[in-house]
Each structure stands twice: as structure tokens, then as C-alpha cells.
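Just so you know, the protein sequences line up as chains A and B, in that order.
Using the working numbering, the first residue of the first sequence is number 1, and each one after it goes up by one.
Using the working numbering, the first residue of the second sequence is number 1, and each one after it goes up by one.
Since the hints were derived computationally from the structure, they do not count as laboratory data.
Treat each hint with caution, since some may be false.
One side only, chain A facing chain B, incomplete, derived with CB under 10 Å [unchecked claim]:
(1) Gln8
(2) Ser107
(3) Gly175
Calculated Cβ distances over 12 Å to all of chain A for the following chain B residues [as the list claims (entries may be wrong)]:
(4) Arg12
(5) Leu24
(6) Pro88
(7) Leu160
(8) Gln211
(9) Leu212
(10) Gly218
(11) Thr229
(12) Gly235
(13) Ala239
(14) Ser315
(15) Val326
A virtual CB, placed ideally from N, CA and C, is assigned to each residue, including glycine.
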Amino acid sequence: MRGEALLQIRGLHVSFDGFKALDGVDFDAYDGEVHFLIGPNGAGKTTLVDVITGLTAPSEGSVRYGATELVGKPPQKIVRLGVGRTFQTATVVDALTVGENLDLAASFRLPLRKLLRRRRGLDPPVVEALETVGLAPQAEEPAGSLSHGQKQWLEIGMLLVQEPRLLLLDEPVAGLSAEERTRTGELISLIAADRTVVVVEHDMDFLRRFANVVTVMHEGRLLCHRASVGEVQANQEVQQVYVGRARGARGGVEVS
Amino acid sequence: MMARLPAGGRARFWIGFATSAAALLVIAPAFMSDFRLSLLAKFLCFAIVAVGISLAWGHGGMLVLGQGIFFGLGGYSMGMFLKLDEAPAGQLPDFMTWSGVEHLPVLWEPFQHAWFAVGAAIVIPVVLATLLGLLVFRRGVRTAYFAILSQALAAAFVILLVGQQGLIGGTNGLTNFQSFFGLTLADPANQRILYFAIVIALGAVFLLARQLVVSRYGRLLVAVRDAETRVRFLGYDPATIKVVAYAAAAGMAGLAGALFVPVVGIISPALLGVVPSLEMVVWVAVGGRASLAGAVVGALLVNYAKTGLSERFPSAWTYVQGLLFVVVIVLLPKGLAGVGEILRSRIPRPRLAGGTAAELSTSPVERRPA
């Protein structure tokens, strides 16, 4: 393998009022990979992302990012270490313009007294991000007026200007059109060139096109860790979990 | 909102600012009677409080229902200085003598100095708000619970003051002021000087608040108001961002209280308890909480309406005020500042001021999504 994993998760347990959302999860992500995390609803994918980013505290286990332990750190500190994330429902600040959203994302290392100055125009990294995500024409529009897909891109742009080393994308293509999915996938590939990207996703077609490595979760455990797309598709257990749950479940995921 | 406008918007702002300044500094003193001018001075003090509330509540989403505390701290700081300043050498302030106090309480000692009293009027509220804010916002306490807490503190503050008859005049508060920095307060010419000082203070406070609002910090404050968790994932600590606005609002209320005392000649618990604190929020709601100028206009309009109505129908005002608040919240969430906006563009309002319902979440602590 390629030496030490960038992200090393060991023995993670999380329970909500007795419900075991994560039940002993070990997980690795290496530099430069697009690592897909899949599994039926309630498998614990988002919980895992929440633990990594400091939103949820585990009852047991460790999350090592490089040499740093992330468990116990508040979200803003984890972000400052270079771990960025997006949310299932794109959360941008609707009342601010697209440019302002990106500008705030880019300014997070400024001390408070510098934040008290008025912004003059947009900084080069912000302009670059606007172009990368294709939102340059909307820079002056309120983020609230964007479509769902555009908001997802804006979120990815906000991650880009923060220059994280590890990105966690929580269902970046849920609810997007086929065209928007392709565009998002291309964006992810572009970003992944010099970063590690973990993508939580349901969509198998999307996975086939853009994943390097796949981890499957089921009921708070890993069903298969760091497999290839082919291996996952051939795996009987994975098939069963998906097909078994897919009948009648939301958006039945097809694995074939 | 005035914030994101480019050059044209800035020019418009300065024209508006200069026009208002001219109206207040030249026209009002030229045409108003001494009585009316002194009334305006009092309302301008309220406007200073309103600017702070607009910053904390309108931009930062913190429903501050206890600004009376800070207004009172400023007022009492100034009141204590005035009392000591005019007491004959070696004598105690009048009310202390009446209450049988024989030695000047230690608390009063530093307030002999004008610089200390004026500084304390601003610094004490700022420090108190900072400590309170760090305690509350670090724990992710929700808006509604913060509002209740701030109001409960206002109630407690009044009880504390009322119980201290000998120390700070109890229910009566501090009153019977004769002079202000050597100027006889009964003299209309001196009241005019005071009026000008208040106009200048309001202008300074307004520019400071505006700088906060148009800076990156101001954008961040709005972001915290609308999407606190998201801001955390941009790498900022929302507690720090909120504390700055809350402390600034507290300092403004303190300054306003200090200026209010020589104009009105009294500071007492009745001026800073739960009801006055709520009234302050009503001014800002009526004017438009997300607009600094709206807050100033709201404070002036509501207080003029109150004076006008109370002169004719003394008991009706409370009902009118309650009705006004309900009507504004339901029909004009952006207050009067929103009316212009509605007229300018027929586009239905985005979700700028729509936070009211969402703020009243049921959980006392921010929800941690599973």
C-alpha cells in the first residue's frame, strides 16, 4: 500500500438512545483517492462523517488524521486542520451572494480584526473557484436564488477555497438531474487530483463512473472495506443487503 | 439591506447620513422648542440602544430582551458620578443621608472621577455581555432560550436594584441632578449642548455599527444567524462572532443610558426592567430589525407615537404598542425598512427576516444532526 493512511479510524462506536449507529467501525482513506462510502439508509454513513468532522461524539474509538486525533475537537478546529465537508441538503447562506459565501469560506484563517475590514472586490482564489464551479455569472446573486444543483457546486467551491486535504461529501448528487450529476462528478474528479475525497452516495451509476475505492456499510458496521467497484458489484452480501432492503424502500438501489 | 451595495449604494448612504445629520444638527435645533428638543434628545438616546439591538438581533439573530440591564448600568454609572459631583464637599449624596448611610460605600469611590464613570458606562456592559455571551453561546443555547435568559436577567437586575435603598436609591433610583460637568441642567442652553453631544454620539455609534455590518464580519454575522452549523464548518467559532455583536450592542446601550441620565434627570429601576427592555425591541421591530437606519427611525417614531398618544389617552398606549408589535411581526417582518423594499421591487421577500418561526425551536440546545 501507499504507506500511512491519511485518515485512520479505529473501533468507532456511536449510539443514540441505545440505537447503535456505529458498531465498531475501522476505516482508512489514503491520499489522492476518491473513496465512496455506500450502504442502505440508516447504515451509519452520515454518522461516520459527523464523527470525523466533530459534529457527533463517539462513545468509543479514535479518528486519526495524519498524526492528529480528531475525536474531542470542535468542528471549527477540525476544519482548520484541513478537513472539509458538505451536507446532504446543500447549506449555503441564502441571504448572502454567491461571491460572499465563497469569500467567507476563503477568509476563515483571517484574524477577527482583519475580518472587521470591508471587503473590496473578490480575491483571486475566490474568482478561480467561481470559474471552476461554473458560477461566475451568478457571483453577485443571492445564494438563495440558486438551483439545488448550483448550491451543491457552490458548496464544493466553498470547500475548494478552504484548500482542505480531506473532503467529505455527503450525497452530493442526491436530487440532481443526470446532467448535473455528470458535472458534479467531473468536479469531484478535478478536486481529487491533489486531495482525498470521501463521498457518501446511494447512486450506483455515479459510483461506477467516479469511484476508485468503495466501502460498504450496513447497520453500523463495514460490510466491505476498501474494495474495488467490481468487487462490490460481485459481492453477494452487498447484493443481498441492497436488494433485500430495496424492495419497498426508498429509491431502491440496483446493484448489477 | 444596505450592506452589499457597490459604489452607488455607498454614495446613497453618505447622502442619507449627511442629510440626517444636517436635519438633527441644524434644522431641529433651529425650529424646535426647548421642551421638544429635549424630548428628541431622549429619543435619540433610545435610538442608540436601537442601533445595538439591530446589530445583535437583526443581523446576528440574538433576540436581546434584556438590553435594559446595559442601559441601566450606563445610566447608573453616570448617575453616580453626577450625584457625587454635585454633593457639597465632604457630604454624601442626598438619598444616602435620608437612608441613614454614614460613609460613602466603596462601590461609589471610583465614580468620583468623570473619566471612570464615562468609561464604566461603556466598559461594564461590554465586559458583562462578553462573559454572559461566552457562557451562553459556547453551549449552543438556542435563540428563544437566550431571549428568555436575557429577560430573566433584566427582571433579576431590577430586583437587585430595588433592594438596595441605601446603596443606589432603591425604587426611586438616582434623581435630583442639578449639573452636568459644571453645566446647570436647568439651563436650556446647556440642554442644547447635551443634545448636540447625543446627536454626535448617535452618529458615531451608527458608523461603528455600519462598519461592522458591511465588513466581512457583518456577512459572517448574517451567516451565523441563518446557518450557524454551516459557519462552524467554514472554520469559524460562531460563539466568538455572536459575542462581538452582543458586546457591541451592550456597550451602545450603556452609552445611551449614560447620556439619557442628564437629559431626563433620573435613572431608576422602572426605566430598565422587563417592560422597557421589551419596548426597546419593539422599536427595532417596527423600524426594521435588519436595517440600522430602520432601527433609528423605529425608535423615534414609536416614542413619538407613545408621547402623542399618552398625552391624549393615557391608558391606551400599552394596547397600541402590543398591537403594533403583532402587526409588524405578522405583516411586516422587515418593519418599515421593508416597506420601501416591497415598493421598489414586487418580488416576494426572500427569506431574510423569515427566521422568527425557525428561531423558536423546541430544543434548548442546538440540534446535533444524527
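A quick look at each hint next to the structure:
At about 22 Å, the closest approach between the beta carbon of glutamine 8(A) and any beta carbon in chain B exceeds 10 Å, and the interface hint on this residue is violated. At a threshold of 10 Å, the smallest CB-CB gap from serine 107(A) to chain B is about 6 Å, leaving the interface hint in force. With a cut of 10 Å, the hint placing glycine 175(A) at the interface with chain B is violated, because the nearest CB-to-CB distance is about 18 Å. With a least beta-carbon separation of about 16 Å from chain A, arginine 12(B) lies farther than 12 Å from that chain, consistent with its non-interface assignment.
With a closest Cβ-Cβ approach of about 25 Å to chain A, leucine 24(B) is found to remain outside the 12 Å limit, as its non-interface label requires. Annotated as non-interface, proline 88(B) keeps its C-beta farther than 12 Å from every C-beta of chain A; the closest such distance is 47 Å. Remark: the non-interface label on leucine 160(B) is consistent with the geometry, its nearest Cβ contact in chain A lying 33 Å away (cut-off 12 Å). Here glutamine 211(B) does not stay apart from chain A, with its beta-carbon only about 7 Å from theirs, under the 12 Å limit.
Separation of leucine 212(B) from chain A is inadequate, the least Cβ-Cβ distance of about 7 Å not exceeding the 12 Å criterion. Remark: the non-interface label on glycine 218(B) conflicts with the geometry, its nearest Cβ contact in chain A lying 9 Å away (cut-off 12 Å). At roughly 7 Å, the least C-beta separation between threonine 229(B) and chain A is not larger than 12 Å, which violates its mark as non-interface. Taking the minimum C-beta to C-beta distance to chain A, about 4 Å, the non-interface status of glycine 235(B) is violated against the 12 Å cut.
Residue placement check: alanine 239(B) does not keep its beta carbon more than 12 Å from all beta carbons of chain A (closest about 10 Å). The beta carbon of serine 315(B) sits about 41 Å from the closest Cβ of chain A, which is more than 12 Å, so the claim that it is off the interface holds. Valine 326(B), annotated as away from the interface, keeps every beta carbon of chain A farther than 12 Å; the closest lies near 25 Å.
This entry does not satisfy hints 1, 3, 8, 9, 10, 11, 12 and 13, going by the numbered hints stated previously.
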